[in-house]
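Engineer: Chain by chain, the residues run as shown.
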Amino acid sequence: MPELPAPTQEQAAHFDYLEGLRGYNYTVHVKGILDAYERATTADRAAPDTMDEAGVIIAPSPLYRFAAATQHLAQKMGWAAARRSLEGHTNQLADVLNRMPAEPRGRLVLDPALELPEYYTERDSEGRDDIHLVPGGYWGDPLVGPVYERGGALYRMAWRTGYTGSPPGALVAFAKGAPSDDYRRILDLGCSFGGLTMALRQAYPDAEEVVGIDISSAALRWAHLTAEERGLAIAFEQRDATATGYPDSSFDLISGFLLLHELSAEILDAVMAEAYRLLRPGGHIRFLDMPPYAALPPERAFLQSFDCEGNGEAFWDEFLSRDFKAVLRACGFVHVADGPLDYEEPNYWGTAALLRTGEFRLENRWVNQADKPAG
Amino acid sequence: MSSPPDHPPEAAAGPAARGYHAFEDPVHDRLLGVILALGAEVWNLRERLGLLESALARQGVEVSALIEELALDPERAPAMAADRDAFLARFLRAVSAD
Ligand SMILES: C[S@@+](CC[C@H](N)C(=O)[O-])C[C@H]1O[C@@H](n2cnc3c(N)ncnc32)[C@H](O)[C@@H]1O
Chain A
1 MPELPAPTQE QAAHFDYLEG LRGYNYTVHV KGILDAYERA TTADRAAPDT
51 MDEAGVIIAP SPLYRFAAAT QHLAQKMGWA AARRSLEGHT NQLADVLNRM
101 PAEPRGRLVL DPALELPEYY TERDSEGRDD IHLVPGGYWG DPLVGPVYER
151 GGALYRMAWR TGYTGSPPGA LVAFAKGAPS DDYRRILDLG CSFGGLTMAL
201 RQAYPDAEEV VGIDISSAAL RWAHLTAEER GLAIAFEQRD ATATGYPDSS
251 FDLISGFLLL HELSAEILDA VMAEAYRLLR PGGHIRFLDM PPYAALPPER
301 AFLQSFDCEG NGEAFWDEFL SRDFKAVLRA CGFVHVADGP LDYEEPNYWG
351 TAALLRTGEF RLENRWVNQA DKPAG
Chain B
1001 MSSPPDHPPE AAAGPAARGY HAFEDPVHDR LLGVILALGA EVWNLRERLG
1051 LLESALARQG VEVSALIEEL ALDPERAPAM AADRDAFLAR FLRAVSAD
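Taken in order, these protein sequences are the chains called A and B.
So in the numbering used here, the last one in the first sequence is 375, and the numbering has no gaps at all.
So in the numbering used here, the last one in the second sequence is 1098, and the numbering has no gaps at all.
Where hints are given, some of them may not hold.
As the list claims (entries may be wrong) - One side only, chain B facing chain A, incomplete, derived with CB under 7 Å: (1) Y1020; (2) A1022; (3) F1023; (4) D1029; (5) L1032; (6) G1033; (7) L1036; (8) A1040; (9) N1044; (10) E1047; (11) F1087.
Hints listed in this document are in silico derivations from the structure and should not be mistaken for laboratory results.
No residue lacks a Cβ here, since even glycine has one placed at the ideal position from N, Cα and C.
Turn these sequences into a full structure, and let the hints steer you where they fit.
Structural biologist: Right, dumping it as structure tokens:
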């Protein structure tokens, strides 16, 4: 990725503080909540079967409220701190963002006429917090790339060291895990800053084309700059995953990372129908996202559900309560399968905002995979 | 003192009531926000002071041992106690103010 301006001592101290605050919240408070839950359910009652019942035990406790409020506030403070550390450098960053590579290996195709869907732009006016509590979400801020780069490293508790592995090892492992190792055309839906797209490019160096699409032009620009800097030939195109405009049967692997939970049921159905259309017969889909509530122990499912209200994830509950495999079958996909991603990563804190004790892996990485019938 | 203007209850509750809050009363979330922000400032000051001592030491000015000495100096004790009391009075004024 293009280099970001160095923070001042005060900004660095603030980042350190926020990482420390969150680390403490996870390792002491969240762990304390889970320990107290275990004591309560082994001592005086049978363990609940559902996350709602688990929530009845957990939610009223002062420790839960304190941990939830701290997580929410620290998240907001983190994005604000990331943005503030870049604000004094907007001219320099505008130069970086506008300096397109002279001889690109891939390409960036933006569509200024693309209409952004309402669910994407209207959250704040509904009184909801923006996605992940980032002011402006993915689209409203030209600095979104740099802000995510810095804020994301902070979220991963690694702002000083950067996130080890680039792209992260888990994404490479996921990309390599697709059923065939011989794909010609690969599509990454909702590619954002290109994390998975770059992993796919590396996993399938012989593929004819790897394409990443997203509706955020600012995110695509950052993805393009990053991929070019790494010498990866990727086409980044601004298109809506519900109606991409590509011809039928254009791809033989369609993938996505953390896209599914960002979409309402209605939009998700449309995206899956579009993926089916775009796939050649016998082609594969493979998505990496969060596990459904049903796959987790009830108390963890309850803590995972925090993200919906507490982290600005409007469709989180809807997606994670849904039988996504049934959705795929209804679209016509076969060999529908799901399960945790088999990948161990030391020092990985986790993804769901309140389930980051660093000790339990399943809750963070879940694979959904299916095939289009060979015809 | 003028009395506060009349607001409908929802408006008085402010943005915190519209957004996420973990405590029943969103004011508590806001107070925690103030405490966490203060924590950030305190950490920054502590770090900067530590860095200042290290920077001075690198220039050959050893102040750390002198700071330890002054902290226990009986002659300075009354003045430090007075400073502390004044600090506490300022800090906790809101608790007893009517
Ligand atoms: C959590 S991010 C995905 C992260 C990304 N895949 C990575 O590897 O880092 C979700 C992305 O979905 C995009 N998105 C939301 N709705 C979309 C749509 N209808 N079509 C295409 N992209 C969409 C958002 O702009 C956002 O960049």
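Engineer: Quick one, is the Y1020(B) hint okay against chain A at 7 Å, beta carbons?
Structural biologist: Because about 5 Å separates Y1020(B) from the closest Cβ in chain A, which is inside the 7 Å limit, the hint holds.
Engineer: When the nearest CB of chain A is found for A1022(B), is that gap smaller than 7 Å?
Structural biologist: 4 Å, holds
Engineer: Restraint: F1023(B) near chain A, CB-CB cut 7 Å. Satisfied or not?
Structural biologist: 5 Å, holds
Engineer: Verify the interface restraint on E1047(B): the C-beta must sit less than 7 Å from at least one C-beta of chain A.
Structural biologist: 5 Å, holds
Engineer: Are D1029(B) and chain A close enough, Cβ to Cβ, to be under 7 Å, as the hint says?
Structural biologist: Holds. Min distance 5 Å.
Engineer: Verify the interface restraint on L1032(B): the C-beta must sit less than 7 Å from at least one C-beta of chain A.
Structural biologist: 5 Å, holds
Engineer: With a cut-off of 7 Å, does the beta carbon of G1033(B) approach a beta carbon of chain A closely enough for the hint to hold?
Structural biologist: 5 Å, holds
Engineer: Checking hints one by one. Is L1036(B) an interface residue toward chain A, by the C-beta closer than 7 Å rule?
Structural biologist: Constraint on L1036(B) satisfied, holds at 6 Å.
Engineer: Return the status of the interface hint for N1044(B): holds when the least beta-carbon distance to chain A is below 7 Å, violated otherwise.
Structural biologist: Check passed: Cβ of N1044(B) comes within 4 Å of chain A, closer than 7 Å.
Engineer: Please verify that hint: A1040(B), Cβ, nearest Cβ of chain A, below 7 Å or not.
Structural biologist: Constraint on A1040(B) satisfied, holds at 5 Å.
Engineer: Does the interface hint hold: is F1087(B) within less than 7 Å of chain A, judged Cβ to Cβ?
Structural biologist: With a minimum Cβ separation of about 22 Å from chain A (threshold 7 Å), the hint on F1087(B) is violated.
Of the hints listed earlier, the one the structure fails to meet is number 11.
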